[in-house]
Every structure is written in structure tokens, then in C-alpha cells.
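Starting from the given sequences, assemble the full structure and let the hints guide the process.
2 protein chains.
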Amino acid sequence: MSLVTVGSVAFDAIETPFGKTDKIIGGAGTYIAISSSYFVDKQNIIAVIGDDFPKEMIDKLESKGVNLEGLQIKKGEKSFFWSGKYANDMNSRETLVTELNVLGDFDPIVPDSYQECDYLMLGNLSPEVQLKVIQRLNNRPKLVALDTMNFWMETAMDDLKKALKKVDIIIINDEEARQLSGEFSLVNAAKAIQKMGPKHLIIKKGEHGALLFHESNNVFFAPALPLAEVFDPTGAGDTFAGGFMGYLASTEDISFENMKRAVIIGSAMASFCVEKFGIERIENLTVDEIKDRIAEFVDLTDFDMHHAI
Amino acid sequence: MSLVTVGSVAFDAIETPFGKTDKIIGGAGTYIAISSSYFVDKQNIIAVIGDDFPKEMIDKLESKGVNLEGLQIKKGEKSFFWSGKYANDMNSRETLVTELNVLGDFDPIVPDSYQECDYLMLGNLSPEVQLKVIQRLNNRPKLVALDTMNFWMETAMDDLKKALKKVDIIIINDEEARQLSGEFSLVNAAKAIQKMGPKHLIIKKGEHGALLFHESNNVFFAPALPLAEVFDPTGAGDTFAGGFMGYLASTEDISFENMKRAVIIGSAMASFCVEKFGIERIENLTVDEIKDRIAEFVDLTDFDMHHAI
Numbered sequence: 007m008s009l010v011t012v013g014s015v016a017f018d019a020i021e022t023p024f025g026k027t028d029k030i031i032g033g034a035g036t037y038i039a040i041s042s043s044y045f046v047d048k049q050n051i052i053a054v055i056g057d058d059f060p061k062e063m064i065d066k067l068e069s070k071g072v073n074l075e076g077l078q079i080k081k082g083e084k085s086f087f088w089s090g091k092y093a094n095d096m097n098s099r100e101t102l103v104t105e106l107n108v109l110g111d112f113d114p115i116v117p118d119s120y121q122e123c124d125y126l127m128l129g130n131l132s133p134e135v136q137l138k139v140i141q142r143l144n145n146r147p148k149l150v151a152l153d154t155m156n157f158w159m160e161t162a163m164d165d166l167k168k169a170l171k172k173v174d175i176i177i178i179n180d181e182e183a184r185q186l187s188g189e190f191s192l193v194n195a196a197k198a199i200q201k202m203g204p205k206h207l208i209i210k211k212g213e214h215g216a217l218l219f220h221e222s223n224n225v226f227f228a229p230a231l232p233l234a235e236v237f238d239p240t241g242a243g244d245t246f247a248g249g250f251m252g253y254l255a256s257t258e259d260i261s262f263e264n265m266k267r268a269v270i271i272g273s274a275m276a277s278f279c280v281e282k283f284g285i286e287r288i289e290n291l292t293v294d295e296i297k298d299r300i301a302e303f304v305d306l307t308d309f310d311m312h313h314a315i
Numbered sequence: 007m008s009l010v011t012v013g014s015v016a017f018d019a020i021e022t023p024f025g026k027t028d029k030i031i032g033g034a035g036t037y038i039a040i041s042s043s044y045f046v047d048k049q050n051i052i053a054v055i056g057d058d059f060p061k062e063m064i065d066k067l068e069s070k071g072v073n074l075e076g077l078q079i080k081k082g083e084k085s086f087f088w089s090g091k092y093a094n095d096m097n098s099r100e101t102l103v104t105e106l107n108v109l110g111d112f113d114p115i116v117p118d119s120y121q122e123c124d125y126l127m128l129g130n131l132s133p134e135v136q137l138k139v140i141q142r143l144n145n146r147p148k149l150v151a152l153d154t155m156n157f158w159m160e161t162a163m164d165d166l167k168k169a170l171k172k173v174d175i176i177i178i179n180d181e182e183a184r185q186l187s188g189e190f191s192l193v194n195a196a197k198a199i200q201k202m203g204p205k206h207l208i209i210k211k212g213e214h215g216a217l218l219f220h221e222s223n224n225v226f227f228a229p230a231l232p233l234a235e236v237f238d239p240t241g242a243g244d245t246f247a248g249g250f251m252g253y254l255a256s257t258e259d260i261s262f263e264n265m266k267r268a269v270i271i272g273s274a275m276a277s278f279c280v281e282k283f284g285i286e287r288i289e290n291l292t293v294d295e296i297k298d299r300i301a302e303f304v305d306l307t308d309f310d311m312h313h314a315i
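Chains as they are written, first to last, in the working numbering: chain A, 7 to 315; chain B, 7 to 315.
By construction, these hints were calculated from the structure, which means they are not laboratory data.
Owing to the predicted nature of the structure, the values given are computational and were not obtained by experimental measurement.
Each hint should be verified, as a subset may be incorrect.
The list treats identical chains as one, so a pair stands whether inside a single copy or across any two.
What the hints assert, rightly or not - Lysine to aspartate or glutamate pairs mimicking EDC-like chemistry, simulated, CA-CA at most 16 Å apart:
1) Lys282 - Glu235
2) Lys26 - Glu286
3) Lys197 - Asp174
4) Lys29 - Glu221
5) Lys91 - Glu302
6) Lys197 - Glu235
7) Lys205 - Glu122
8) Lys201 - Glu189
9) Lys297 - Asp310
10) Lys282 - Glu21
What follows is the structure, encoded as C-alpha cells:
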């Protein structure tokens with residue numbers, strides 16, 4: 007069925023130990039839309055850009071089947087820009103530049119054609135914007151997912167807590183889960199966060215995989231593909247969310263069994279993302295490449311304990 | 007078939023955020039022997055203790071079916087003693103006291119009754135002692151596994167490299183793999199270490215599970231059980247090694263498929279170990295407890311991608 011994504015569509019400039027880019031296309035909304043496009047037919051984006059954003063890129067999103075009615079283009083204004091530099095171990099990054107530009111006063115518009123949406127992905131944006139999108143949908147979607155980050159916990163915790171009460175699943179990384187809950191153990195962090203609202207929780211652990219907590223008593227441990235080199239981690243989390251939500255929206259099944267599949271698909275999509283700068287690796291994948299990658303994930307954790315002891 | 011383990015049988019004093027012990031029984035050899043005892047019938051230990059070691063504990067090992075002919079008891083000398091304190095996050099520990107005592111000039115004896123051993127576990131000890139045990143076996147075992155630590159990389163790298171040439175599998179943690187190889191990426195670290203000798207490699211990542219690299223092209227990602235609280239991590243790595251080698255020795259099958267099972271069994275045993283201080287949790291397990299725990303590991307990673315995309 008249909009997926010609505012709200013998230014930034016923006017410019018990034020990235021420096022990693024492997025190289026450096028000029029301004030390239032980035033933003034959570036971009037990664038989520040491209041990644042989910044391999045799974046769901048009807049998807050719709052809510053975002054804002056300036057008139058500096060390249061026409062080819064807008065066409066590219068359209069060619070991927072993304073409905074852009076909710077994409078506002080602000081005349082004479084500039085798109086959001088982020089620039090960052092990764093440490094040698096790729097596990098930490100320094101923000102060099104953040105120019106909010108059009109995101110500074112983003113007032114999300116939900117077009118009529120988005121109103122029947124069943125799946126809603128609230129990409130990492132201010133909780134205020136995330137709340138507005140929920141409020142502006144006439145009917146509650148079947149599944150609402152939210153991503154956030156430490157910055158919002160530090161500057162907008164009240165709004166974030168309001169938003170959490172209205173979502174079904176939160177998708178964050180391990181450090182964010184610890185900060186949000188005040189608990190070091192991820193099991194205790196998950197319990198604490200589930201009490202804040204979301205029934206389900208995904209904790210992304212980068213090279214260590216991801217944990218899915220589905221309702222109160224189901225846990226799934228998803229692997230990450232052991233990679234020789236992570237070229238550029240930017241957007242990996244959003245690409246994960248896009249694969250995850252795109253698959254759920256296409257199958258219309260939010261059971262534990264199907265969410266496990268969705269986590270594997272999200273992980274497979276993220277494993278492509280880190281292989282090149284920006285969206286380069288994920289913008290032109292073939293179905294066979296995706297199938298082969300998923301098969302690698304199956305092999306990676308497959309074992310048979312039958313009659314072992 | 008038979009397993010020979012060389013490793014310390016010693017005293018520990020442990021402080022964690024949950025409590026503090028007096029001198030309790032510890033040592034790599036102790037954990038490995040107890041853990042493997044649930045799987046292999048014939049096992050044999052090579053170790054040295056002082057006459058301060060409690061008779062009940064020697065009896066306990068004997069009651070577990072451990073052949074103690076290779077256990078030297080030094081009159082008038084003291085057993086190895088280690089004392090350490092864990093940080094609040096349990097991810098780092100500080101060594102408070104190390105008294106080598108009898109381990110200082112440990113000359114391992116390999117009794118005739120051990121000579122037909124098929125499986126050899128070289129617990130974390132000086133590479134010189136590990137090499138002596140290999141040399142003193144008349145026939146090369148079917149599988150030789152080695153554990154080591156950063157201390158030996160810093161003080162005895164030449165001997166460690168000699169030992170690595172003679173072993174089939176090395177079992178170390180992620181930081182040790184990085185230090186030994188000089189590579190940050192664990193995939194590259196594994197390749198570099200395999201060139202040093204061992205065909206197989208297990209990298210233990212604590213709460214993030216373990217990676218098995220079997221020969222040059224097989225990789226398995228084993229989960230760790232998400233635990234609300236890790237009470238005391240002391241001995242978890244040795245308990246893993248004991249379950250792993252005990253299962254391999256009992257099944258006499260070192261194929262990739264069976265090593266995957268052995269990794270899951272080692273992980274299950276380690277997950278018990280951390281629940282209480284020292285050997286308290288692993289010394290009296292029932293077969294049903296172990297079976298149930300293994301079933302939890304199966305559930306944790308089980309998914310079915312059939313016809314997913």
C-alpha cells in the first residue's frame with residue numbers, strides 16, 4: 007500500500023578516510039524514498055527544498071515513483087546543507103557545517119492525495135514537524151515509525167515525548183537509545199522506551215547489526231554484513247528505515263515474523279549504502295543485486311541445531 | 007573424543023557494580039574444563055596450582071570427569087591470583103593485583119594418558135607454555151585452538167607468532183584481533199591473522215555476538231543473548247571456548263556447519279557464565295537448562311525470507 011515519508015531533501019559534503027565530496031544530494035527523506043522505492047509502488051514525500059536543488063534530482067525521485075506533491079520548493083531560498091568529517095575508525099564524525107536554510111521554518115503540507123496513507127515514516131527532523139504531520143493526517147495510519155537523534159533529545163525533549171506517544175515504532179541507534187532512556191543495557195533501554203509510547207523498537211548498532219523489540223516479549227537479533235571497508239556511512243540508517251518501511255508497506259503485514267524480514271531487508275539496503283559516497287550505490291540497484299545481498303544475510307546467520315545436544 | 011586443555015587454575019577476586027567477592031575459584035583452565043564437561047566425556051587438564059588450592063574444588067573437577075593427571079600441585083607455593091574491578095558499563099576493567107606465583111615458572115607436563123588427544127585447547131597463557139604443550143604431544147591433534155591476550159602481544163610476540171603457525175583456530179576478542187593484525191576492520195583483521203597460521207578464527211564481540219571465519223570464504227555471525235544485566239563477565243570468553251571445543255570434541259566434526267553449532271553452544275554457555283560471580287552459575291547446570299538456552303539462541307536469529315521479494 008502507500009507510504010508517506012517526511013524527511014529532509016538536502017545537500018551534504020562528506021569527508022571520509024577514503025575521499026571527499028563537493029556538495030552532493032543527501033537528506034534523510036532522499037535516502038528513505040530511494041531505498042523504499044525498490045519495494046513499495048505508491049510512495050509520497052513531504053519535504054522542503056530551495057530553488058538551488060537540481061531539477062535532474064527531482065526528476066530522478068519522480069522516476070522512482072515518488073509522489074512529490076508534498077515537496078515544497080521555496081523561491082529564492084537555499085536547501086538544507088550539512089557537512090561532516092568521519093574519523094579514521096568511521097565510528098565517530100564531526101559536524102563541520104549545518105545550514106538549516108529552508109528547514110528553519112519548515113511547515114509540512116499534507117496534500118489530499120496523501121490522506122489515505124497506511125504507513126508513515128517520520129524521518130529525523132524536529133519533533134514539532136513530526137507531530138504536525140501526524141496531526142494533519144485525517145486518519146491514523148496503520149503503522150507510524152519515527153527516527154530521531156540526540157540533538158532533539160537535548161533541545162526538544164518535551165515535543166519528542168509527545169511525538170513518541172503517537173508512534174508505533176521508533177528506529178534509533180544504540181547511543182540514542184541509551185540517551186533517551188538513561189539506561190546502559192539495551193534490553194532495559196528498550197523496556198523504558200516502550201513505556202514512552204512505541205510498542206516496537208529497532209536499535210541499530212552499525213557493524214554489530216540491529217535488535218528488533220516487537221511488543222513486550224519478542225526479540226530478534228539481525229546481523230550486519232561484515233564488510234572489509236565502510237566507504238561512507240552517511241545515510242545508512244535512513245536507507246535501513248526506507249527498506250524496512252517500504253517492505254512493510256508493500257506486504258501490509260506487521261507481524262513479528264514479517265518485521266524480522268523487514269529488518270533483514272533494511273540491513274541489506276544499508277549494506278549497499280555504505281559502499282559508495284551518498285546515494286551513488288543505492289540509486290541504481292537491480293532486483294537481482296538486492297536478492298543476492300539478502301541471500302548473503304540468510305547465509306550469514308543460518309545454522310541448524312537439530313539434534314545438536 | 008578426548009580434549010586436552012591447558013590453562014590456569016587459580017584464584018580471582020572480582021568487583022563489579024553489583025558486588026564484590028573474596029578470593030574465589032577462577033582461571034581459564036577451570037572455566038574451560040567445567041564448560042566443556044557438559045559435552046565431552048574424556049577431558050584432561052594441564053595446569054599448575056599451589057597447595058593453597060581447596061581440595062573440594064579439585065574433587066569438583068574430578069566429579070565432572072576431568073582427568074587431573076596433568077595438574078601439578080606445588081608444595082609450599084601459592085596458586086595464581088588475579089584481582090580486577092569492572093567499570094560501570096562492564097565494558098572495561100582494571101587489574102588491581104596479579105600474583106603469578108606458581109605460574110611464573112610453569113613447565114607443563116603432558117602425561118602419557120593424554121598422548122592420544124584429538125582436540126587441544128590452549129587457554130590464555132604465555133605462548134612459550136602453549137608451544138611446549140604442542141611440542142610435547144607425540145601426535146598432532148586433529149584440532150588445536152589457541153586463546154591469547156594483548157599482554158602476550160606486547161611482551162612475547164615472537165613466541166606468539168611461532169605458536170600461531172602451529173594452531174588451527176584462534177579464539178580472541180575484537181580488540182585483540184585489531185591489535186594482533188594492525189587492522190581496524192574485523193574482516194581485514196581476520197584475513198591478516200589467517201595468514202599468520204590459523205585456518206579458522208573466532209572473534210568474540212561480547213554483547214555483540216561473535217564472528218566465525220572458517221577457512222578463507224565462510225563467515226558466520228553468531229548473536230549474543232540480549233541481557234538486561236551482565237552480573238560478572240569474568241570467564242565468559244573461557245566458558246565460550248569450553249563449550250565450543252567440548253562440543254567439537256564430542257561430535258568429531260570440524261566442518262563449517264558443525265563449527266557454527268559449536269559457536270552457538272559456546273555463546274549459550276557464556277550467557278550463563280555472566281549471570282553470577284565466577285563459576286557459580288556454570289558449575290551446576292542441567293541439560294534441560296542448556297537445551298532451553300540454546301533454543302533461545304535459535305529463536306533470536308530465526309527468520310524466513312522465503313518468497314520475500
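Hint check:
With identical chains, the CA atoms of Lys282 and Glu235 are at most 16 Å apart within one copy only, with a shortest distance of 10 Å there and 38 Å across copies. Taking identical chains as interchangeable, the C-alpha atoms of Lys26 and Glu286 lie at most 16 Å apart only when both belong to the same chain, with a minimum of 14 Å there against 53 Å between chains. Within a single copy, Lys197 and Asp174 get their C-alpha atoms as close as 14 Å, which meets the 16 Å cut-off; across copies the closest is 42 Å, which misses it. Proximity of Lys29 and Glu221 under a CA criterion of 16 Å is satisfied in neither setting, with 41 Å inside one chain copy and 43 Å between copies.
Taking the shortest Cα distances, Lys91 and Glu302 never come within 16 Å of each other, neither inside one copy (30 Å) nor across copies (40 Å). Proximity of Lys197 and Glu235 under a CA criterion of 16 Å is satisfied inter-copy only: 13 Å between copies versus 34 Å inside one chain copy. Neither within a single protomer nor between protomers do Lys205 and Glu122 lie at most 16 Å apart by alpha-carbon distance, with minima of 23 Å and 57 Å respectively. Taking CA atoms no more than 16 Å apart as the test, Lys201 paired with Glu189 passes inside one copy only; the shortest distance there is 13 Å, against 41 Å between copies.
Proximity of Lys297 and Asp310 under a CA criterion of 16 Å is satisfied inter-copy only: 14 Å between copies versus 22 Å inside one chain copy. When the C-alpha separation of Lys282 and Glu21 is checked against a cutoff of 16 Å, the pair qualifies only within one copy, where the shortest distance is 12 Å, while the shortest distance between copies is 45 Å.
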